[in-house]
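Model the placement of chain B on the given structure of chain A, informed by the hints.
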Amino acid sequence: AQSVTQPDIHITVSEGASLELRCNYSYGATPYLFWYVQSPGQGLQLLLKYFSGDTLVQGIKGFEAEFKRSQSSFNLRKPSVHWSDAAEYFCAVGVPSSNTGKLIFGQGTTLQVKP
Amino acid sequence: ETGVTQTPRHLVMGMTNKKSLKCEQHLGHNAMYWYKQSAKKPLELMFVYSLEERVENNSVPSRFSPECPNSSHLFLHLHTLQPEDSALYLCASSGRTSGAYEQYFGPGTRLTVT
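In order, the protein sequence lines correspond to chains A and B.
Note that our numbering has the first sequence beginning at 1, numbered continuously upward.
Note that our numbering has the second sequence beginning at 1, numbered continuously upward.
Heads up, some of the hints might be wrong.
[Stated by the list, open to error] The list that follows gives simulated cross-link-like pairs (lysine-lysine, DSS-like), each with its CA atoms no further than 27 Å apart:
#1 A:Lys61 to B:Lys40
#2 A:Lys49 to A:Lys61
#3 A:Lys49 to A:Lys68
#4 B:Lys41 to A:Lys114
#5 B:Lys40 to A:Lys114
#6 A:Lys49 to B:Lys40
#7 B:Lys36 to A:Lys49
#8 B:Lys22 to B:Lys40
For the record, the hints were derived by calculation from the structure and aren't laboratory data.
Extracted from the complex, chain B is given alone in its bound form:
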């Protein structure tokens, strides 16, 4: 595996379900990000982790819970979601110093909440 991978690629869940999205980066980076991409809206940065520490949380509802057990893995735990949470969820990673801004993205998980 190379680059940034995300699983599953597609997920359909009911509003009462609990599920998790997984992201893995194989680039030796030290920062990871979760984005939400909804139709006709700009990319929304949800969470930023640097060296496994959450450094940014952009007013994301508590039904989204991130976890970063190490610098290669990032999870997004989902529970009691709403239909408006249906979107493409993208994970990204970046490296150090000037490379901190150069993000590499995974293919995304298409989430549908029914």
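Chain A with its partners taken away, still in its complex shape:
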């Protein structure tokens, strides 16, 4: 069965420090992978996606993610975190469903940024 695991429920980093959020997926075919961010009381905003091609993808707000097929991972990175990055981050894999698609989400990682 398809699944997404985000091993870290909560991460705290200092402002200006680098960040890596982990994501592992289980899916038999070539995956469509996504990272979303959710600020408190808001909906989910798409940060970046991987469909095919270059395994290092760039997203909005200075985020990037690297797809590693051998490790079934799609980790999110940012070189220097800003206080406004404090939010919840969700990794997801897209799977076929009837004549459309659906997303399988991980449980999310809450990022806290220390001043």
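Using the frame of chain A, we list chain B on its own:
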């Protein structure tokens, strides 16, 4: 209006009330989704509509009744809810082919059942 909008943003209702949540997408997409997001739980996919036809219903209780009159609008009709139904309800939409997996979300409706 752009993107995906949801109304109301906040809703408080008693267990005997009937209310509806509305979602509208302005992206020209052909699929729409309802999710439930409770505290400390993963996102739960409730319903999927593709070309106005319900294609997925993930064992959602009948007190939740979706309606998709056209590809731009999605409703969630609520009646005789329980306190455990209090949650953030998110609507999303997606497009065709490879874009079918790329979902765009609305801001959500925060529902409190008293």
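Against the structure, the hints:
no. : hint                : in the structure
1   : A:Lys61 to B:Lys40  : 26 Å, holds
2   : A:Lys49 to A:Lys61  : 14 Å, holds
3   : A:Lys49 to A:Lys68  : 14 Å, holds
4   : B:Lys41 to A:Lys114 : 25 Å, holds
5   : B:Lys40 to A:Lys114 : 22 Å, holds
6   : A:Lys49 to B:Lys40  : 25 Å, holds
7   : B:Lys36 to A:Lys49  : 23 Å, holds
8   : B:Lys22 to B:Lys40  : 25 Å, holds
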